[in-house]
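*Asks:* Given the coordinates of chain A, work out where chains B, C, D, E, F, G and H should sit on it, guided by the hints.
There are 8 protein chains.
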Amino acid sequence: MTDDPRTEDLGFARVDVDRATRTGDAEVVYGAGKTPAQVVSILRTLHEHHPDRAVMATRLSDEALHAAEAAGAEVDRVARAATLGPMPTARGTVAVVSAGTSDAPVAAEAALTARVHGAGVDVVTDVGVAGLHRLLGVRDRLDRADCLVVVAGMEGALPSVVGGLVGVPLVAVPTSVGYGASFGGLAALLAMLNSCAPGIAVVNIDNGFGAAVLAARILRSRA
Amino acid sequence: MTDDPRTEDLGFARVDVDRATRTGDAEVVYGAGKTPAQVVSILRTLHEHHPDRAVMATRLSDEALHAAEAAGAEVDRVARAATLGPMPTARGTVAVVSAGTSDAPVAAEAALTARVHGAGVDVVTDVGVAGLHRLLGVRDRLDRADCLVVVAGMEGALPSVVGGLVGVPLVAVPTSVGYGASFGGLAALLAMLNSCAPGIAVVNIDNGFGAAVLAARILRSRA
Amino acid sequence: MTDDPRTEDLGFARVDVDRATRTGDAEVVYGAGKTPAQVVSILRTLHEHHPDRAVMATRLSDEALHAAEAAGAEVDRVARAATLGPMPTARGTVAVVSAGTSDAPVAAEAALTARVHGAGVDVVTDVGVAGLHRLLGVRDRLDRADCLVVVAGMEGALPSVVGGLVGVPLVAVPTSVGYGASFGGLAALLAMLNSCAPGIAVVNIDNGFGAAVLAARILRSRA
Amino acid sequence: MTDDPRTEDLGFARVDVDRATRTGDAEVVYGAGKTPAQVVSILRTLHEHHPDRAVMATRLSDEALHAAEAAGAEVDRVARAATLGPMPTARGTVAVVSAGTSDAPVAAEAALTARVHGAGVDVVTDVGVAGLHRLLGVRDRLDRADCLVVVAGMEGALPSVVGGLVGVPLVAVPTSVGYGASFGGLAALLAMLNSCAPGIAVVNIDNGFGAAVLAARILRSRA
Amino acid sequence: MTDDPRTEDLGFARVDVDRATRTGDAEVVYGAGKTPAQVVSILRTLHEHHPDRAVMATRLSDEALHAAEAAGAEVDRVARAATLGPMPTARGTVAVVSAGTSDAPVAAEAALTARVHGAGVDVVTDVGVAGLHRLLGVRDRLDRADCLVVVAGMEGALPSVVGGLVGVPLVAVPTSVGYGASFGGLAALLAMLNSCAPGIAVVNIDNGFGAAVLAARILRSRA
Amino acid sequence: MTDDPRTEDLGFARVDVDRATRTGDAEVVYGAGKTPAQVVSILRTLHEHHPDRAVMATRLSDEALHAAEAAGAEVDRVARAATLGPMPTARGTVAVVSAGTSDAPVAAEAALTARVHGAGVDVVTDVGVAGLHRLLGVRDRLDRADCLVVVAGMEGALPSVVGGLVGVPLVAVPTSVGYGASFGGLAALLAMLNSCAPGIAVVNIDNGFGAAVLAARILRSRA
Amino acid sequence: MTDDPRTEDLGFARVDVDRATRTGDAEVVYGAGKTPAQVVSILRTLHEHHPDRAVMATRLSDEALHAAEAAGAEVDRVARAATLGPMPTARGTVAVVSAGTSDAPVAAEAALTARVHGAGVDVVTDVGVAGLHRLLGVRDRLDRADCLVVVAGMEGALPSVVGGLVGVPLVAVPTSVGYGASFGGLAALLAMLNSCAPGIAVVNIDNGFGAAVLAARILRSRA
Amino acid sequence: MTDDPRTEDLGFARVDVDRATRTGDAEVVYGAGKTPAQVVSILRTLHEHHPDRAVMATRLSDEALHAAEAAGAEVDRVARAATLGPMPTARGTVAVVSAGTSDAPVAAEAALTARVHGAGVDVVTDVGVAGLHRLLGVRDRLDRADCLVVVAGMEGALPSVVGGLVGVPLVAVPTSVGYGASFGGLAALLAMLNSCAPGIAVVNIDNGFGAAVLAARILRSRA
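Residue numbers (the numbering used here), protein chains in the order written: chain A, 1 to 223; chain B, 1 to 223; chain C, 1 to 223; chain D, 1 to 223; chain E, 1 to 223; chain F, 1 to 223; chain G, 1 to 223; chain H, 1 to 223.
Here chain A stands alone, though its shape is the one from the complex (with noise of 0.2 angstroms):
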């Protein structure tokens, strides 16, 4: 099996070099539970498999977004990412849509993962949809955008009013900001999944990244 030239053994992981082929996207590093060094490791391989483009992690701790700037790096400290290589060309808009200052970490994974995987993005923040005016006032940006990223926590009302304005794909999610009878974002994940707009899917809560790389396929199947 060390023979298969899909597979790279690092001994502590065995990389995905062949994702790109079946799926377009290449492998990302999940940081979450991974040394510094082996998220410099892995994200070395991927670059070296894949130079032309873009490689990423996410969910990096502050000594891991430390040794990727180390290493040559990009690094987001919102998002907290880094991407190797350089960024692909931008085709398509999707705007990443947020409801409150608390969900920009979550807002921010999916802008960047948006670019790396090859879409133009456009951020639009804070328009919770108790202060009306604040989202009717950036309905131009929603009418131009390809496809939507809506992020929202507490009650995840923001997807079912927005996706009541527009037609094109809308992926929502869910935040883990709130308290309580939150509990840990379950209240707008089933809210989200709840939603009475058609044409709303959901990811897992906090996950900017799979929304991302959800909408960025979108756009790649419309180029």
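Worth flagging that the hints you see were computed from the coordinates, not collected in a lab.
Ideal Cβ positions, reconstructed from N, Cα and C, are used throughout, including at glycine.
There may be inaccurate statements among the hints.
[Said to hold, decoys possible] Derived DEER-like restraints, expressed as beta-carbon distance ranges: (1) E:Gly33 x B:Asp143: 57 to 63 angstroms; (2) C:Phe12 x D:Arg77: 52 to 58 angstroms; (3) E:Asp62 x C:Asp9: 44 to 50 angstroms; (4) B:Asp143 x C:Asp9: 20 to 26 angstroms; (5) F:Ala32 x C:Asp9: 42 to 48 angstroms; (6) C:Ser61 x H:Gly33: 52 to 58 angstroms.
[What the hints assert, rightly or not] If you want the ones that stay clear, here's a sample from chain G, every Cβ over 12 angstroms from chain C, calculated: (7) Ala32; (8) Ser176; (9) Gly185.
*Replies:* For chains B, C, D, E, F, G and H alone, coordinates are given in the frame of chain A:
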């Protein structure tokens, strides 16, 4: 204890005929699990103690509605409720705002309850957040109300949106409308408890009655 | 407000006849809790406003299916849905992939919905992960699709396996098929939300309709 | 959008300086997850737009409390909150009633919030239902209040008992006080939602702020 | 094993005829899921082994109640239970206290069970906490009891209030009375487990039987 | 109210010095969330009102244990509790039976509480059901007890097994010992509530205190 | 794909006729949600491919049991299952041990499944832990078994007790027998997952079939 | 009782030195919540009673690993476990198959436990279902195993896929790897319990130990 004038003992129930003195509102017959004969008997007892104002029974079966009607009560088949005695003069306006047509029974229970407890009522239906123009089209009616009861199932987003538009007290009622991950109204309940709009409080799932009692008390407090 | 041309008031419901203008898709009749007469009435209203393209009613009882058929609609008894008006030209292909025979109603609802919303459909059934050769035997059909709707109950593993094979957008639909610790589809829902394959989003339990609307929008965005 | 006078853009947040016009209440700084500098900056911005009435920040860390005090704000260390600007004249009385000493922070947040929003406050502490004479001993204070905010953790029984004694609006606040099967306040939340006393509505666990905003609006509506 | 005198093998069940020797109480027939014939057969077997004291069957269907009556048993239709054989002499008093009329079946099961197990019983009904005067009106009966079984649904507050008034052992029984966020009695169960009054223990939802067995053992231990 | 002799107001807490008169047991200091100084202050107040019998504080931090010791109290470091004043004469025997070594703190809290409340105690440890011979080896000690407090975490099976062997009252205490699907003691709690052995009641997770108060009252009722 | 000899396409289902080659066991018809005609059709197809060994259908309705019997199958009405073809020679012994009479259907499904999959079976019923002598009375039968399937509802304690007595593999089956806080078998499931006896694994609630397949494979591995 | 030769009393614990006689396996030290000294003391006691075969301690802190090593034990830092005494001869092969690198600690605990209990082990890592070629690349190793322990977090799909490929007994271990809606491993646990592949049983979240004891017993039964 049978001599306590604050309680009327019917054998199968001890009716709290003192409640209006203590709280300003007569006891209401909660019909679930009671026979038609029991409903009528309690309703009559309450009517005898409060001949000058309507008393009420809720959550009635078809049989109990029929029996109540035969006993001279007014029945509201959508609300599944009956009243006996003259309606009080309406003071102020509670707007009962609901998201979808399936929420009608809960909204109707709230509207009738508010009337029985002395409030005027304006019923605004089918203004779910996925068609924002429907809600914005009734903005003036929201502004005219002294208190709002907002009824919604599924993702339960309506109270958050309405709560950002008005400054009067708002009581939110989650309904069990929905399926799958709505978990019998839990999704809407959690969403409303986590609303980012301040000044919203929530009652039990499908409890249009309780929300309207509170709304009527709020209006009464301003008389 | 009765003069708002964006809404048609039928007394028991306010039909949003403006939705196609806003979002590109006509409103769809959600039949659960509606009488056969109400279903037919709303379906006709929508058809009058959209005579050139099929409109749709879902979650129909046997009685509502019968009434819709008598009113000239096409009915799909597996999907429990009816359509009125000519189907649009199919553009692109949504593969509706399901795990077991019990998932058929949800898959059928998804397939019909995708067609009504303008997508071509390839239906792939009974390819659960416990018989991997069945799934690998349809690999070429997965590869030919522009978007995938993957339907599964019980442990909900199919989207993860399919998601590792393809690079097109994938919408996962958990179903309530199962018993005991499936908790009405919760097990499949949680599994899909936690998929280790990137680029997967999830809709509510048994919501074939919602998944297909999103899939059709994804395809439309590429036209 | 930067020209919208209803919003002040601080870079890290878009402050809704129009809220008082829309709803009668200025925006409040929710301090959780914000740096002391951010808290002070938003508080000052709000103060500049509302120089004649106190603005408020809640859920402050020790550092944020210190920074707010250094910036000229009044701080309430039990409530973990700060105010800037002159308190409004008190109109009417909200009784903030709490069950145990551990509920003090939530009760203090409610009391301060009610004052900032224009209500007079009477704080009644440590009247849990297991010592009924303590509650009955303050009966007159309950009777004098125009609205009640009732705060309790553990089994959350206090609102039901108080709700049977009074006829004014009652807002119930479950707290996370408890252990084991209290599940972070869930037990108290469910108890309050199921109260057999009519006219009670509930806010999120530990949300003294939200309960008090509603209470203040109730009093204001009677002015 | 068929020779074990401690067990009587009826083919469909192995009756534990030794239990009274081990624990002082005969086995009781739990009727749910058993046919009327099986109920009668086990009841007779137990009666033969304990001719001098009543044996008991609970959770009986209408058919099983009828069959038991035909077989010479006494039936209690509210409690849905039957007894065969002479009642033991009553020693001491268990007060069975319940909150609402809907709790009657559980209270009746508790009362009958306590009698069968040798305790005297005082049944106190309809003393829910929202009408405190009803509870305080029976204070003397609470004080005379040697042990309390307190039955309540909805918010389950009654044991906490009663538990603060008395010093004798108190067994709390949550009932499934309620709707929505009562979640089949879960709300009352959690409330009782979190009671702030010390010396309270709780049995399963609707388990009047189990509470009464414990209460009778408590009384017996004092003989 | 400050003149009410049934309550001593310490500023930060209102001590219920009347409880012993009402219920036979003095109030106990629940130390969680209280400062060492507060614990000592309340303990002293209670001691002054009950000089002839030990008063008690539970759930103490290391600091509070130290402060209590310095103030003349006896401390039990396993139970994390302190007592002040002479122990009452022991009457009868409560057997505190626990399943595993990790349950020791809860068992110790129960044992000390039972002693403070007047019961004699026999502590039986480490007799989990997976080594039945250990349990059967202490059968005689179980038989000699007047009441049992049975403490177990993980699957919580011990009360069912013990409950089938004895006929005296049994109070079950689930503990939070376990991991994964024990969900903080929920598994043991549910198991105990569903015990097939009759005559078992359950207290909150880790609530050795509450179980022992009930056990002591049971013994006292037999004096 | 229709040419794949590993799959037989019946139109309404694709039968995996290759499973015995891959895993040693033929596919089994899961009857829930299938018509009697479908059950018979699949059973016959499987029988044609495996004429020398019994094939099986489970979870059959009364109608499906009748149809299967008419088609020549053997039916087991307690297990709600049918078999077609000759039983294999029994090798080794699986003891199917159950706690109460209500667990009989699940135990019967397990016993029949084990036989169909080649194991000998010893059925031990009604040995719940609250009557330990019944369990200890069958100790020798437990000791003679090569593998144990232990079936229990309510508190699910039986596997822990049995697991401490034996050293052979033990598969635990929680059942939905119980009420209230059993939550449809969840209590028993959690208890079994948290068993303190090592070497126990658990299957889904009421899944006697799955447990027996595993048990038969365990025995087969030793042949 | 101190004379019972089946139990060794260490003061802080009663060691079950008879377990190997009863079940074939010596007791294992569960290190969570024990001091390093306690771990070493119990390990030595077990070693004295079983000098000819390795005894084991699991869930060790860094300090306990260090203390065990100093006491002559072998330590496995990934598994957080220690063994004392000679490993038994390996009979048969348990394949420990895991999905991702984060599952390594659980897989290592399973592997070491299987060895201590007499099985040979083949460790197969990082073969998650989203890269099916990795799993199919080790197909021959799966086929050679006598029993499988399959370890996975997140969506827990691996046992279903593996279970469709093999016919030997399979024990599934959900891990707590994941975030958000994984709810600490609950998603993986539910998925595994609902596996559509027959012959799979499940142990507690992260319980590699328990799965391996069962696997070793399965192999031993075939000797």
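*Asks:* All hints, please: hold or fail.
*Replies:* Now the hints, each set against the structure:
no., hint, verdict
1, E:Gly33 x B:Asp143: 57 to 63 angstroms, "58 angstroms, holds"
2, C:Phe12 x D:Arg77: 52 to 58 angstroms, "56 angstroms, holds"
3, E:Asp62 x C:Asp9: 44 to 50 angstroms, "49 angstroms, holds"
4, B:Asp143 x C:Asp9: 20 to 26 angstroms, "22 angstroms, holds"
5, F:Ala32 x C:Asp9: 42 to 48 angstroms, "58 angstroms, violated"
6, C:Ser61 x H:Gly33: 52 to 58 angstroms, "57 angstroms, holds"
7, Ala32, "7 angstroms, violated"
8, Ser176, "7 angstroms, violated"
9, Gly185, "6 angstroms, violated"
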